[in-house]
Amino acid sequence: MTLDIPAASTRSSQAPVDLAPEAGRGRPASRRSRRAGVVTAVVLTIVCLLMVFPFLWAALSSIKPTDVAFANPPVFRFAPTFQPYVDLWQTTDFYLYLVNTLVVAVISTIVALIVGLPCAYALSRYTGISSVVLLVLALVFRALPRFAVVLPMYDISQSLGIYDTTYALAGALIVINQPFTIWLLRNFFAEIPPELDEAAMVDGCTRFGVLRRIMIPLMGPGILTAGIFVFLFAFQEYLTAAVLTDTSSKTVPVFIATQLGQNLPLLQQASAATVLLTLPVIGIALIAQKYLVAGLASGAVKG
Amino acid sequence: MKRRQFWALVAPSVVVMFGFMLVPLYQTLRWSFESVNYGEAGTFIGLTNYRAALGDARLGRAVLFTVGLTVVASAFCIVFGYVLAALVNKLGRARPLVLGILLISYVSPQVVGAVAFSWLFDSNFGGIVDYLLNAVSGGAFGNPLWFTSTWPNRLIIVANVVWFMLPFAMLMILAGLQGVSEETLEAAEIDGASPLQRHLYVIIPSIRGVLGFVVLILTMDVIRVFDSLIPLAPQSLTNGNESLMVYIYRVAFSEASRNLGLGSAISVLTIILILILLFPSIRNIVKEARA
Numbered sequence: 001m002t003l004d005i006p007a008a009s010t011r012s013s014q015a016p017v018d019l020a021p022e023a024g025r026g027r028p029a030s031r032r033s034r035r036a037g038v039v040t041a042v043v044l045t046i047v048c049l050l051m052v053f054p055f056l057w058a059a060l061s062s063i064k065p066t067d068v069a070f071a072n073p074p075v076f077r078f079a080p081t082f083q084p085y086v087d088l089w090q091t092t093d094f095y096l097y098l099v100n101t102l103v104v105a106v107i108s109t110i111v112a113l114i115v116g117l118p119c120a121y122a123l124s125r126y127t128g129i130s131s132v133v134l135l136v137l138a139l140v141f142r143a144l145p146r147f148a149v150v151l152p153m154y155d156i157s158q159s160l161g162i163y164d165t166t167y168a169l170a171g172a173l174i175v176i177n178q179p180f181t182i183w184l185l186r187n188f189f190a191e192i193p194p195e196l197d198e199a200a201m202v203d204g205c206t207r208f209g210v211l212r213r214i215m216i217p218l219m220g221p222g223i224l225t226a227g228i229f230v231f232l233f234a235f236q237e238y239l240t241a242a243v244l245t246d247t248s249s250k251t252v253p254v255f256i257a258t259q260l261g262q263n264l265p266l267l268q269q270a271s272a273a274t275v276l277l278t279l280p281v282i283g284i285a286l287i288a289q290k291y292l293v294a295g296l297a298s299g300a301v302k303g
Numbered sequence: 001m002k003r004r005q006f007w008a009l010v011a012p013s014v015v016v017m018f019g020f021m022l023v024p025l026y027q028t029l030r031w032s033f034e035s036v037n038y039g040e041a042g043t044f045i046g047l048t049n050y051r052a053a054l055g056d057a058r059l060g061r062a063v064l065f066t067v068g069l070t071v072v073a074s075a076f077c078i079v080f081g082y083v084l085a086a087l088v089n090k091l092g093r094a095r096p097l098v099l100g101i102l103l104i105s106y107v108s109p110q111v112v113g114a115v116a117f118s119w120l121f122d123s124n125f126g127g128i129v130d131y132l133l134n135a136v137s138g139g140a141f142g143n144p145l146w147f148t149s150t151w152p153n154r155l156i157i158v159a160n161v162v163w164f165m166l167p168f169a170m171l172m173i174l175a176g177l178q179g180v181s182e183e184t185l186e187a188a189e190i191d192g193a194s195p196l197q198r199h200l201y202v203i204i205p206s207i208r209g210v211l212g213f214v215v216l217i218l219t220m221d222v223i224r225v226f227d228s229l230i231p232l233a234p235q236s237l238t239n240g241n242e243s244l245m246v247y248i249y250r251v252a253f254s255e256a257s258r259n260l261g262l263g264s265a266i267s268v269l270t271i272i273l274i275l276i277l278l279f280p281s282i283r284n285i286v287k288e289a290r291a
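Residue numbers (the UniProt record's numbering), protein chains in the order written: chain G, 1 to 303; chain P, 1 to 291.
Hints are supplied without guarantee of correctness; some may be wrong.
[Unchecked claim] Computed spacing ranges between beta-carbons, pair by pair:
| # | chain 1 | residue 1 | chain 2 | residue 2 | range |
| --- | --- | --- | --- | --- | --- |
| 1 | P | 56 | G | 158 | 22 to 30 Å |
| 2 | P | 273 | G | 76 | 46 to 54 Å |
| 3 | G | 130 | P | 205 | 34 to 42 Å |
| 4 | P | 56 | G | 264 | 55 to 63 Å |
| 5 | G | 217 | P | 181 | 29 to 37 Å |
Everything labelled a hint here was simulated from the structure, so no lab data went into it.
Cβ coordinates follow ideal geometry from the N, Cα and C atoms, glycine included.
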């Protein structure tokens, strides 16, 4: 028995023909449905290109010679160079910022899951009013303006002497993303029939045993999904990182934003940094697409 | 599940979430009644901060801009998201690849996406958009002041917000489309409903719940938009495109005065605004959970 990820991609295995329109399935493809298929393909190709265009343009700028990188009108014929990447690596602390970003993302993902899993399980099984109240409060917390929480955190972290440390930032992100984490995990738990828990408890398992021995193994894909989301949220975060860090635990998004007001070579290094930060994200989007879709879809079904 | 077990299991998360959220929230509430500097205890000044906030035209402009942005961007996301979802829903083997590509703008850091976005428009950095549009229109397009003029700036802000929220709306609606009953659709087709009629009278009503949820999340996320406005609206103080979040940030953190009390008062007012907007959906969740 595996947790059924309600992936929007499940249907992909059924359609035999690439880009085949739905209406054409099961009967000889008529000329009309084939034309609809071509239109679909053309429109979606254009949309896909538009959606990645900002990053393509940044990537192009990053490999142009510095004097024409941002020339107006744009230069399309040039000898590609990787000098901005070399400079980025050698003259700035990009490496440090990248490590900071990863450390914050990994710590906050692991802790958020450990803390969130039991809570989400309990929320999916307990039918009392406190369960509803907690879920609604979590929703309200998710909607709060960040500064109402982050500015006091700045003040508190300064007085505790943990300002500008990676673990303070990771801690803040765990707290800020906890509402999302428990909502998402709770929706996945709710898809597992409670009869399973009862059967295990009849066999002598405790509640905690059910969670550890049965639910967590079953929840593999769900936990992975939540983990990917929390990781991406931490990886993306600018506001919290901008307020809670200064120099030693700065993250890449903050670095890129501060490079904006700089002069040309630094700006081109920012485009190189953009490429280096976006490439892994694009990798995640393509490889883990199924989990991202499932995570978003689960919210829709239950919301 | 027994009550004691429930509380034992939720305890760590509740401590993390409530402990570390409520303490800062209480702090913000207290600061909003105080005149205060970072790292020092404030002095109680009653409603002075609120009076200052409500008396400043800047707040009204920020609220109008933020609400307007939310409404316009959400509307575009819903419409384009629906069309995209209907198209992706027809895809066969290409679907995972297309979904992966469409997700990129949603999963990349907003601030980084907005920086890349700003380079497309900034004539100091190539201005590829101006260049392409002028190439097509024969120069009639000119060079709009994307960052300093009010409306061109609004246009690129909306475009950017739609760019990074569209994948989310599309995916949610796509998930909703999977649940539309095939039989009803076939029945409508047999009865002679045109494709447009099938969308308007069968599909859209049956995914109403999903659309409502998408609007809720879009509202919550667009009101809070901050990261992408830093690179895209640098002139927002003068061109009137200052959002609530940027306003709070400037007043409480980045402007020389660092008026934490005033910033906190605006935060509290924003919370009230958000609670009012969230109220209908909160009522729905409670109703659904009770049923």
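Checked hints:
no., hint, result
1, 56(P) / 158(G): 22 to 30 Å, "holds, 28 Å"
2, 273(P) / 76(G): 46 to 54 Å, "holds, 47 Å"
3, 130(G) / 205(P): 34 to 42 Å, "holds, 35 Å"
4, 56(P) / 264(G): 55 to 63 Å, "violated, 38 Å"
5, 217(G) / 181(P): 29 to 37 Å, "holds, 34 Å"
Figure legend: structure checked against the earlier numbered hints; the only hint not met is number 4.
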